[in-house]
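Chain residues, written in single-letter form:
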Amino acid sequence: MSGVFTPRNIVTVALLAGLTLLPLYVSLTDDRFLLTLFTRIVILAIAAVSLNLILGYGGMMSFGHAAYLGIGGYTVAILAFEGVQSGFVQWPAALAASAVFALVIGALSLRTRGVYFIMITLAFAQMAYYLASGMARYGSDDGLGLDNRSQFGGLIDLSNKTAFYYVCLFLLFGSIFLVWRLTISRFGMVLRGTRSNETRMLAIGFPVYRYKLAAFVIAGTLCGLSGALIANHTEFVSPAMMFWTRSGDLMVMVVLGGMGSLFGPLFGAVALLFLEQFLPAAIHAVVQPFNPAGAVKAGEYWQIVLGPLLLLVVLFARGGIDGLLRMLSSRERHG
Amino acid sequence: MTLFIEQCLNGLQFGLLLFLLAAGLTLVFGIMDLVNLAHGSFYMLGAYFAATFAAWTGSFVLGAVLALGATLFVGMAVEVIAMRRLYGRDHLDHVLGTFGLILFFDEAVRLIWGPGGLSLPLPAWLNASIEILPGIHYSAYRLALIVVTLAVAAFLYAMVMRTRIGMLIRAGASNREMVAALGINIKLLYTLVFGLGGALAGLAGLMQAPILTVQIGMGENILILAFVITVIGGIGSVRGSFVAALLVGFIDTLGRAFFPQVLREVLGASAASTAAPALSSMLIYIMMAVILVAKPQGLFPANTK
Amino acid sequence: MADALLQIDSLSKRFGGILASDSIKLDVAPGELHAIIGPNGAGKTTLIAQLNGLLQPNSGKIIFGGQDITSLPAYQRSLLGLARSFQITSLFLDLTVFDNVLLAVQAHAGHSFRFWRNARREPELREPARKALERVGLLSRADRQASALSHGEHRLLELAMALAGNPRMLLLDEPMAGLGPEESARMVTMLRALKSELTILLVEHDMEAVFALADRITVLVYGRVIASGTPADIRANAQVREAYLGETEVAGAGHG
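These protein sequence lines map, in sequence, to chains A, B and C. Residues in the first sequence are numbered consecutively from 1, following the numbering used here. Residues in the second sequence are numbered consecutively from 336, following the numbering used here. Residues in the third sequence are numbered consecutively from 641, following the numbering used here.
Partner residues aside, some chain B positions facing chain A, computed with beta carbon under 8 Å:
id : residue
1  : F364
2  : L431
3  : I570
4  : S616
These are computed hints drawn from the structure, not numbers from a lab. Ideal placement from N, C-alpha and C gives every residue a C-beta, glycine not left out.
This is chain A alone, in the form it adopts within the complex (with noise of 0.2 Å):
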């Protein structure tokens, strides 16, 4: 029987094991660019990971996701700003603080349903972004750097990329646990019954308010954690962060590695980021046999390839990766 080694399982212990072994590849071939791409997607995918929680099992079409990766960044910018280098100090805050936005955002957004639901998250969205450029101490548009990464004492030195980057796989292996096991939970039932049909979970007997609000404060909150590994990361932060297209690239994210799945949010993640690297390199290689000269220009609008291949995506392969990677396996057992 093929049941355990189906192209799904297959591809998801890849790269996973890939994952864990990046590092050993970098010291070999000494590609810093790529742990350095790689640790950016493995942040990204732990913020996939929460929105895709609400949305891929929620229903919440959340377009304000984006903003929790601003408040858990600026938290440890801030905190860093003033004088608190410890991470045992600054995290928890930017999880505190993130949970307290969502528990707020939440509250007032999930009155609302559909399309008011995406367009109010998008608007809070927008207003912490306008909170952020209006702090001219903490660099208004121009952001904030941060003079060291979180301190640890001797715990760990993050300064380390490669102890950063195991810190951060770490921390996406354990969001990918957590979720999984709410998702099983009868928290995650309520989840999974409320995306598929909300009117009759009130008919059965479910407070479902309650239980939304709950998930879209742990998503705001992985999210922060996301946010706060961000800003060790680039040992920057700036009010772009929160703009509301970056919300839309979460989503993106979300929906690309297939909704609803478990890995379908790190899948999304590692797609879309290696999109935006190697689409380019693809458009110059098309181009240049026809135009040498423009080759290179061509594939700096790669964005203009995304576009319309998000939206071919939307229409024709809905379930994402993860959902072709099912096809592929179902179709190998029925043989």
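Dock chains B and C against chain A, hints included.
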């Protein structure tokens, strides 16, 4: 006092401009049940087309008219090529699909016109000051904007409420199959409505171009405001958009002009200077939150879907 | 009726110009199977929606088990023991059959702020779910996705979900809708078996089923009650025949 009147007029003008933008968004949503994030792209295209055509023809007005036509055409083309396939689907699909269109248009504009912005200068006869009240001067162009947008708003109202086409539009909203069964070409109707929405956005874009900006990404910045207005006014309600747009226009303009002063009185100079910029920008969102706590479906919810 | 389980008192509901429910007065005794019949557009589904809380009446009262539930939100009515099945299938189509019933059980099994344990393995959720599925004969289909079931099986699943929460009373909105003769017969047998354990308010078009099962029948026309009584009373009622059953002989009248 003069400043206050001037700011009130600015608020009115801004609000009316926002109405044009929001009206298109809410029409498309109300009638086709379509969430169009790329609405801001038509706003951008209107401005870019106007700047280009005005430069080619040497005439501001001619450039504007041509730009309107071009935007209408692009809007209809987008509907035929892309939007059709999205009708009836989950709103999430709309959001993601049209998000992809934003990326496409931003890059396409960058490809065609380059990354720097453009400018759309005013002709001499508009670049003047008119004395509206003894001692109070106001920009002729802004007055013209107010007049034009009011005219368009009146036209929209008349069209939607009084004409047969408007009736079809409203009927299409409530019962697609019936309208189609009557032999009306609903595909064409939708294409026209979508095109109209895009043209309205384009008009808003080209009109603000001489005052504000013509640059890539301008659509994304203002789209949020259009959303806030649509939410406050009630999705699908043109009347609601009008009221909400004026509300937002006034509060945003007057807020930015006078709120820092108010803060200074209340909080003292230094605290005010830190808080003022952020709070002024946030006023609209705070207002939206307050309204939604009281009325989660907006001020004038249209018939529910 | 003094000790009725469900009392509907002068319930009215307006939609713009249309009076969907016109001062409806109705009592259901405990253990009774009370059927509501009426032509299309009579407001039967509107009535059910008001009873289970998805719609708010403009005026009137609903009293369940002695408690005024008129302004109680839907989810709380379910927790009081008033369960509903839907006329237009309203299932969790992208979940498995088992998950559908599990959710119905879970709603009545305490709060759901449990984040760790696998819900599908919890015996206090599993067992009632299995039992409900067995009751309606769907246990063998438990692992299929709900969307893969036939229409008849959907109606059975609807029933299973209504039963899963151990309700005191069932509001059944056209459980036979779209069923063929064989499936209808199955459903009638099932409902007859349920009669002895539960109070049932049944909205149906299938006259054979109604006259075979009902203890009492109420006839609704244009939102108004025009007659209420035993099946024999209703068959004999001239007003009812004229308004609804038509000039031809009523099904079952021959069985007298």
